[in-house]
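Engineer: Starting from the given sequences, assemble the full structure and let the hints guide the process.
Here are the chains, one letter per residue:
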Amino acid sequence: MRESRFVSLLLVAPALAILLVFFATPLGYSLVTAFVAKDGALTTANFVKAFEFYSTDIWFTVVIVGLSTVLIAVIAVAIGGYLVLGDSARAVAILKWLYRWPLFIPFIVAGQMMRSFLAKNGLMNNTFVSLGLLDPLQTTSFLDWQGLIITFVWKQTPFVALLVAGAMASLDPSTIEAARNLGAKRLRILIEIIVPQVRRTLVVGLILSFVAMMSVLSVPLMISGESPTMITVDMAFRINFYGDYGVANALGFTSYLITAAAAWFYLRQGVREGAEP
Amino acid sequence: MTGPLNWLPRTIILVLLALVIFGPLTNLLIWAVAEQWYYPHKLPVTYGFKYWAEVFKPTGNAMLSLWTSLLIAVLTVLACLAVSIPAGYALARRSLPWRALIMLAFLLPQAFPSVPIYINIARIFYGYGLNGTITGVVLVHTTHGLVFSVWIATAAFAAVDRELEEAARSIGASPLRSFFTVTLPLAAPGIMASAIFVFLESLDEFTGTFFVGVPDVTTLPLLLFNASMEGNYQIASITALILLVPSVGFMLFIERFLKADVLGKVGA
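First to last, the sequence lines map onto chains E and W.
Sequential numbering from 1 applies to the first sequence in our numbering.
Sequential numbering from 1001 applies to the second sequence in our numbering.
Just so you know, the hints here were simulated from the structure itself, not pulled from any lab data.
Don't take every hint at face value.
[What the hints assert, rightly or not] Here are the simulated DSSO-like cross-link-like pairs (lysine-lysine), alpha carbons at most 27 Å apart as the crow flies:
id	chain 1	residue 1	chain 2	residue 2
1	W	Lys-1265	E	Lys-120
2	E	Lys-49	E	Lys-38
3	E	Lys-120	W	Lys-1042
4	W	Lys-1265	E	Lys-96
5	E	Lys-185	E	Lys-96
Structural biologist: What follows is the structure in structure tokens.
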């Protein structure tokens, strides 16, 4: 009984059609509009203007998202590593219960939490003052680049940690046991034996997180709407105040390039270091 | 290795981690029940549920947003399931050309920064009168949710034992009948999980609604955002809590819906 491939394609067609109309088409628009002037001629003027006005924000975005990604990687590996190697069963159970909380908390809610928590007179500074760690006059608001990084790391680390911990749990335990019996320290086992084997999962998680941070508009608007800010805010601004699709799409194109560069960097890193013996 | 204070470092780290995770949550909870809170008071001056009454007032903006959000989320789930069940079945069970490529295609909306996509879809929708309509927002949410519904539905169908289907066929059931009486019920828990994922994604979605929904469609995330920007932290925090309940509930129960045999096949 040979089944028809035509019928198979027919079953997939509606889902693919949605993708084509509501994702591929606007993607195509954004790529083309970035290079088209108001009169319809091909131009690079949109990019010239975008870089002239927003080069600080472009670099700001790269640094914020890049730094957050590095921090997410380090903390996620540390959490996953402790879940696999930790020798206190109770601490492992507590950590497992604890680290996941921000996973399903929406970005917008995380933004609101941090907006109040990290403010000059937010709960964090108030607690430090009450504990005598900080003088009331010394308190400063963290609602700038620091707040962005804190929010991103807080929100995205559980996602990467969940993926990494899952990959670590499915590793062959015998190599880890062997290294342990040879007297290797846990940190060394983690870095030299475990991380190379879960590198693929880690890289996929980090790339998805990178894109999520490049995509989110609510958090930068709520945490640091002032200059310098992230280019997602600039895009929304160009549209809402000037109806300037050229420059907004030039910035959008730039954000694709940043994401592509990051993906290429991580994937190359993953392949090169994964290939070492 | 085992000294008398061996447990101390990990305890300190766990306590710090708990503070980092629950500190912001606590601040949100306090704002939700604070009636008056201003500098230099470290805690609210008066507590109460005045703002809760305002949010849950049947005719208020917040309730309207809640119903709008729920309506959009339910329609998004229905739209996603309607296209994902056939697609997932074909991807899991039938021979299909370019299968890997098709699977990957559904991930693309999550692999591109989404703000430029939404800006342009809003521009396209404007021409068709879809801006500021529920339909427009549902279409945007559906596109974004497809990766969950298609991938998880595919994994759910792949986890169904082929022999059960064959048994049904061998006693004379038609392909369609064996699908509806055997395959679909067995895949139902996984499909339910995908529906919950899509529902939450839609409920929490901000950016797409921000560009496509304006000015007429105000979902809970948009209400939260507007309240926060106006400095009304009580309303913002109560709205945030409403959004948190399903999210945290799902986190606590996800493993009940998404069994390991399905989870292991997601994306495969």
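Engineer: Does the structure keep Lys-1265 of chain W and Lys-96 of chain E at a Cα separation of 27 Å or less?
Structural biologist: 23 Å, holds
Engineer: Need the status of pair Lys-185 of chain E, Lys-96 of chain E: alpha-carbon distance at most 27 Å?
Structural biologist: 22 Å, holds
Engineer: When you check the alpha-carbon spacing of Lys-1265 of chain W and Lys-120 of chain E, does it fall within 27 Å?
Structural biologist: 47 Å, violated
Engineer: Just to be careful, I want the Cα atoms of Lys-120 of chain E and Lys-1042 of chain W compared with a cutoff of 27 Å; is the pair within it?
Structural biologist: Holds, at roughly 11 Å.
Engineer: Starting from Lys-49 of chain E, check that the Cα of Lys-38 of chain E is at most 27 Å away, please.
Structural biologist: Within the cut-off at roughly 14 Å; holds.
Of the numbered hints given earlier, the model fails hint 1 alone.
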